[in-house]
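Residue numbers (the numbering used here), protein chains in the order written: chain Y, 1 to 632; chain Z, 1 to 632.
Fair warning: there could be bad hints in the mix.
Stated by the list, open to error - Now the in silico label distances, taken between C-beta atoms and shown as ranges:
id, chain 1, residue 1, chain 2, residue 2, range
1, Z, GLY389, Y, ALA285, 55 to 63 Å
2, Y, GLU523, Z, TRP141, 51 to 59 Å
3, Y, ASP460, Z, THR604, 37 to 45 Å
What the hints assert, rightly or not - Computed, partial: chain Z to chain Y, Cβ under 8 Å:
id, residue
4, LEU39
5, VAL43
6, PHE311
7, ARG317
8, ALA524
9, GLN585
10, HIS586
What the hints assert, rightly or not - Interface residues of chain Y toward chain Z, partial, derived using beta-carbon atoms under 10 Å:
id, residue
11, LEU313
12, GLU483
13, GLY487
FYI, nobody ran anything at the bench for these hints, they're computed from the structure.
Note that the coordinates shown come from a computational prediction; the quantities given were computed from them, not determined experimentally.
From the three backbone atoms N, C-alpha and C, an ideal C-beta is built for every residue, glycine too.
There are 2 protein chains.
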Amino acid sequence: MNPTTPTGGPVGPSRSALRPLSSSEIWIDGGYWAEKQQLNADVILEHCRTWMERIGWIGNFDRAAAGTIAADHAGIEFVDSEVYKLLEAMAWELGRQPSETLEATYLSLVERVSAAQEPDGYLHTSFGRAAQPPRYSDLEWGHELYCFGHLIQAAVARLRTGHDDLLPAVARRLADHLYDAFGPDGRPAVCGHPEVEMALVELGRATGEERYLELARLFVERRGHRTLQQIDFGREYFQDTVPVRDATTLSGHAVRALYLAAGAADVAVETGDAALLDAVRRQAAAARAARTYITGAVGSHRRDESFGQDFELPPDRAYAETCAGIASAMLDWRLLLSTGSGGHAAAMERVLLNNVLTSPREDGRAFFYANTLHQRVPGTEAGDDELAGHRAEGGGMRSPWFDVSCCPTNVARTLASVHLYFATASERGVQLHQYGDYQVRTEVAGGTVHLRVTSGYPYDGTVHVEVVEAPDRAIALAVRVPEWAAGAAELSGGEPTTLADGYLVLDRVLTPGEKISVAFPIEARVVHPDPRIDAVRGAFAVERGPLVLALESLDLPAGWDLNAVTADPASVRTTSDGAAITVEQHTPAEADWPYRAETPSPATARAEATLIPYQRWANRGPAAMRVWIPKD
Amino acid sequence: MNPTTPTGGPVGPSRSALRPLSSSEIWIDGGYWAEKQQLNADVILEHCRTWMERIGWIGNFDRAAAGTIAADHAGIEFVDSEVYKLLEAMAWELGRQPSETLEATYLSLVERVSAAQEPDGYLHTSFGRAAQPPRYSDLEWGHELYCFGHLIQAAVARLRTGHDDLLPAVARRLADHLYDAFGPDGRPAVCGHPEVEMALVELGRATGEERYLELARLFVERRGHRTLQQIDFGREYFQDTVPVRDATTLSGHAVRALYLAAGAADVAVETGDAALLDAVRRQAAAARAARTYITGAVGSHRRDESFGQDFELPPDRAYAETCAGIASAMLDWRLLLSTGSGGHAAAMERVLLNNVLTSPREDGRAFFYANTLHQRVPGTEAGDDELAGHRAEGGGMRSPWFDVSCCPTNVARTLASVHLYFATASERGVQLHQYGDYQVRTEVAGGTVHLRVTSGYPYDGTVHVEVVEAPDRAIALAVRVPEWAAGAAELSGGEPTTLADGYLVLDRVLTPGEKISVAFPIEARVVHPDPRIDAVRGAFAVERGPLVLALESLDLPAGWDLNAVTADPASVRTTSDGAAITVEQHTPAEADWPYRAETPSPATARAEATLIPYQRWANRGPAAMRVWIPKD
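Sequences are here, hints too, so could you generate the full structure?
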């Protein structure tokens, strides 16, 4: 449970306000998050691997090595990236918890990938061989550099978990090739899907090779100058209309926008480019203020998977892609490390608990790609062997796999590394950003600090911090106070404290064996939308602690129509294990036309209903569901 | 203005409750609609023709005839249909108002089309020649039969306007080929885009060839049995999951669904299949009750241009395609003729005035493809030479032409034939369905009836009917009463009357020279949405007579943000030329997160604003606009 080899986490800045920890310094040892990580280790990783074996995505590498790939490539042109995200997930998992079986599976998969690498370092199963499109002939849609980025991130995960072996070698050769092809003396172009930017910065950090950072910087600077061809969705789709440092908000394809912003933040941090970092921070803040769902999810346009305009946040048409939620957490992690501001940790908590963790079914064998906030008609349970179209409408139930299956592998790599987001350290202290059951053991000025954190989070708000080991000098222990607990958090055993940037800070000598606890009042809270969000006008949501709640049709009396339910926000109440609400059923007049001079009819029935955590909806079978509940 | 050769209109059923009139029996002679028809004749037809010459869509036929098309085809694979819709528009226009210039242009265009027909009757510029995909190799997306349908409809328009010349001959050869290819002894398949069904029934009606009806019947019966391949959007997209006679509502791609329903109605009428006709009527009624925008527009999913689920009608994400509105009017015309029920005429009025006529810019040189009901951010005026992507987001201004340009030519053929929808006849009488300035001169039992209708419609509600000529026996004059005037319509000079199926019926001898008038109270009316339409909860719309009104940002005080405006519905008032409202401006709290415990702040300013007809929005330059106004 406490391996010693790992050297870092998903982001390793050479300078930052907060220092990220490695799996040797932080580990989850029980409770809610341990269950999620174990589900990932036991089920999700293998689910992803077997699906990709079965439908030939892994076999693509074998056929590429054998020279037969042109005639027989499985899947769309960026399926390589799914294999790489799985490799990244496996690497983090192995860093968290060694396993001989998984190590063998991992190494075998890396061997197969490696065999497809060409002598000059290029590695992609869809381009460049005879009877395939030439390399870099379709930068708009080819996703070549996007795939490379994922390979490089997988290699960085391997390096940061203490192994400089085959995949890092493959990644170095690939990155060297990329530098030749697109570096200062190469083609001045960018990829249609940002991703390689952050990967290159990270590989540069992990290897010390400065050319990788230089190449990432070039990619960031080149974007926004319309070097990509026009496409149906317009160049805003891949952020090629405005240079990153001039953009005022996040727009276009949501995952592309967020990966780009994360890469730009990495470049800014490493090059000391304060203006660029500030531009990214402003964009993230603007998108958060007007382009984010209450679940932390982003992307309101299904057609082009893009951010909508400000306040265009329809719950029923929400795309709210799982990968965009993950990308959003990746960006906030970078901004948290660089600024130390608790708002970024709060945003991560919201999106991880309410968007990313909504994706996997409770058994880990099916996933949401899009995460609607309002399902009018119950969906249909997919067969275990059914490959879903990610563009199909309807949905309402999770699917085992998709023709474009970016989300399951993205969930896998996130869960395998999620503990690394829970706390950080600095010269003088430790910062606790997320809650659960975990331990932190790291070095600060004066010596080793070892803390054991326990809590019933996200269902219960009391967090206990037991000091296992501490230096005999004062250290600053920062405990994040969620915005909904501001002013109400009670710290026991820890006065005096100060509140700074979203954290209670206890600055004194800690004594081994002492217990500090902080209680956040976890009660059901009614939340109202900004009146400019037209799509949820006249409705309210309910949150309890860090969880967004939802009303699922299964919790209504038999025969009720969720589409004709209203409620009085004053009826919301906290229960021992959640929240309840008094719902009212209306019987809309049967009419041949849905617009009329009369206002709606009053309620005809009243009942009590349980509200469930949104992340758990559609786990009891097909159901209608809504996060936003109409007021009477 | 009163040609005598035409023999029919867009639909010519061999049996029906109401008999459609031809251009020799009904013509518009002034006012609002005359201006629209003249704009079409003077500007829109030529606009469409010159665009299609310029970008090579017409030239495709020349290159097909010359054998060079495979190497040089302009546009997507269904651009042939745009040329055919233009030919149909020209034919109706020539039937309405002869013009030597237009006749010459028309004949020259038909020659070029005709030259591309192959010896066996097949005619398509994208398929079947060397180096092109084989004929019927892509029924899902190839649109071959869809294009044929439009050619046939153009030929029917020529036949019904009194000319059995080259295009009808081309159409017969094409239909004969189709019968061989897909008839009882041919391939049991359907086209991915319904359209040919209604065209074949009509060609059968116009030529007396029963095989065409038989083929149409086969196409209708075959659909819904999953003969088409699975596609990304799912088979519901092209109505291939449920047989037409089993469907309970309209779903999937809106234009496809409506064209299919119209074709099925035609088949049902000609074959006396009451069950099929009833199925189509029920589907249309279900879609009208739960899947139609207040403008009469349909289609709430932009991604696949489809109907949404019941009550899923977001105003901002409305697709509300112009062509779907036209298709909806085509279906309601068929149902009106077969049932005589005024609800179908009311639906036609609503969609023509508020959806279809919103498409063309007032100068006739730019068009909306999608018709949003809520524009948050003012659009950008397109250049006169700018080809727009029909899939591009944003919009907010009309475009001169599109990569997929179905809407402008569809508007053109609709305007050229729109007078034919205004009235019908029956054995004993005449029915006035739509209002404007027009004359009807037709035969009923007992002799000729000639009526001159005048009104200031749609702005003024008084309709005058002058009897020019009438038989000396009693006839039944039916005058449609809009639903908003029910109970308030005043008829002068005409008692006693009865009200039946949406019509006031005056049943007596009419005297030449007598004047009958009916007054509908045209006042601004507040309309509330069904509470199940989540996207407009807490908002209201305003209608005045048959027009849906809108609030455009240009009518707000300088500096106001339309996105932060509310109003009290009680402040809506009728003005001499429209309607006005008292709007209230809110100053939303600047916040880093758009969901909070507090309810919105009260208004900080108040002002008067004019409401404009929705159909006229975005004619004064870029603007934000909303049909649904939030209540305070």
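Note to self: Taking the earlier hints as the rules, which of them does this structure contradict?
What the structure shows: 1, 4, 5, 8, 9 and 13
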